[in-house]
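For the record, the sequence lines run as chains G and H.
Numbering follows my numbering, in which position 75 of the first sequence is assigned residue number 75; successive positions increment by one, without gaps.
Numbering follows my numbering, in which position 25 of the second sequence is assigned residue number 25; successive positions increment by one, without gaps.
For the record, the hints were derived by calculation from the structure and aren't laboratory data.
Quick caveat, the model's predicted, so the values are computed rather than measured.
C-beta atoms are modelled at their ideal positions from N, C-alpha and C, and glycine is treated no differently.
A portion of the hints provided could be inaccurate.
[Claimed, not checked] Label pairs and their calculated CB-CB ranges:
no. : chain 1 : residue 1 : chain 2 : residue 2 : range
1   : H       : Glu79     : G       : Thr71     : 17 to 27 Å
2   : H       : Ser69     : G       : Lys56     : 34 to 44 Å
3   : H       : Thr98     : G       : Ala17     : 20 to 30 Å
4   : H       : His10     : G       : Tyr30     : 37 to 47 Å
5   : H       : His41     : G       : Gln45     : 15 to 25 Å
6   : H       : Thr13     : G       : Asp55     : 36 to 46 Å
7   : G       : Gln81     : H       : Asp54     : 21 to 31 Å
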Amino acid sequence: GNSVTQMEGPVTLSEEAFLTINCTYTATGYPSLFWYVQYPGEGLQLLLKATKADDKGSNKGFEATYRKETTSFHLEKGSVQVSDSAVYFCALRDTGTASKLTFGTGTRLQVTL
Amino acid sequence: DAGITQSPRHKVTETGTPVTLRCHQTENHRYMYWYRQDPGHGLRLIHYSYGVKDTDKGEVSDGYSVSRSKTEDFLLTLESATSSQTSVYFCAISESDTGASPLHFGNGTRLTVT
Numbered sequence: 001g002n003s004v005t006q007m008e009g010p011v012t013l014s015e016e017a018f019l020t021i022n023c024t025y026t027a028t029g030y031p032s033l034f035w036y037v038q039y040p041g042e043g044l045q046l047l048l049k050a051t052k053a054d055d056k057g058s059n060k061g062f063e064a065t066y067r068k069e070t071t072s073f074h075l076e077k078g079s080v081q082v083s084d085s086a087v088y089f090c091a092l093r094d095t096g097t098a099s100k101l102t103f104g105t106g107t108r109l110q111v112t113l
Numbered sequence: 001d002a003g004i005t006q007s008p009r010h011k012v013t014e015t016g017t018p019v020t021l022r023c024h025q026t027e028n029h030r031y032m033y034w035y036r037q038d039p040g041h042g043l044r045l046i047h048y049s050y051g052v053k054d055t056d057k058g059e060v061s062d063g064y065s066v067s068r069s070k071t072e073d074f075l076l077t078l079e080s081a082t083s084s085q086t087s088v089y090f091c092a093i094s095e096s097d098t099g100a101s102p103l104h105f106g107n108g109t110r111l112t113v114t
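All chains, please: the whole structure from these sequences, using the hints.
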């Protein structure tokens, strides 16, 4: 079956540091890949997505590239802010109809001044 | 933000009682989903719906039932709540059931079963 593996958190960074959150996946076929962000007390918000190999998704300074050869979709940001503190979820969705969204376990990011 | 409202936002109930959580959407999306979120597990799919009166089970459906009598409303019922169902429940909607279509989530219901 499909699965998503994220790096264990929490990740603690100083403001303006470079961020990488690793995500690898196992899937049959060619899934679409997503990053969601969850701020405290809120639901998940779509951060970015990529639907085919070598696609780069980007939003709010975050980016991730769909790497089929390494089955990875690592999230990066060049300079984090305190307001980026949240839990980040990597997810995949199968191609075809009736496809489900499969999540990783989430990575908590804490950014300090 | 996607127009998704979950109610109640918080609920405390006793073991053995029935509980119904409601999800209401204003986007007229065909597909709706219920997930639960637990530490160390991410989000797991409970049930989903692909149209009025059309529902199916997800990976953790035991102890839960759903109903969808209108496009905009998707109800999740715990027939007889247990402590293992203490969790945060999220409703999600999607315009399409194909891979590239993202899900959009509500703000969740925190359920505590004592």
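Status of the hints after comparison with the structure:
| no. | hint | result |
| --- | --- | --- |
| 1 | H/Glu79 <-> G/Thr71: 17 to 27 Å | 39 Å, violated |
| 2 | H/Ser69 <-> G/Lys56: 34 to 44 Å | 42 Å, holds |
| 3 | H/Thr98 <-> G/Ala17: 20 to 30 Å | 37 Å, violated |
| 4 | H/His10 <-> G/Tyr30: 37 to 47 Å | 40 Å, holds |
| 5 | H/His41 <-> G/Gln45: 15 to 25 Å | 20 Å, holds |
| 6 | H/Thr13 <-> G/Asp55: 36 to 46 Å | 44 Å, holds |
| 7 | G/Gln81 <-> H/Asp54: 21 to 31 Å | 43 Å, violated |
When each numbered hint is compared with the structure, violations occur for hints 1, 3, 7.
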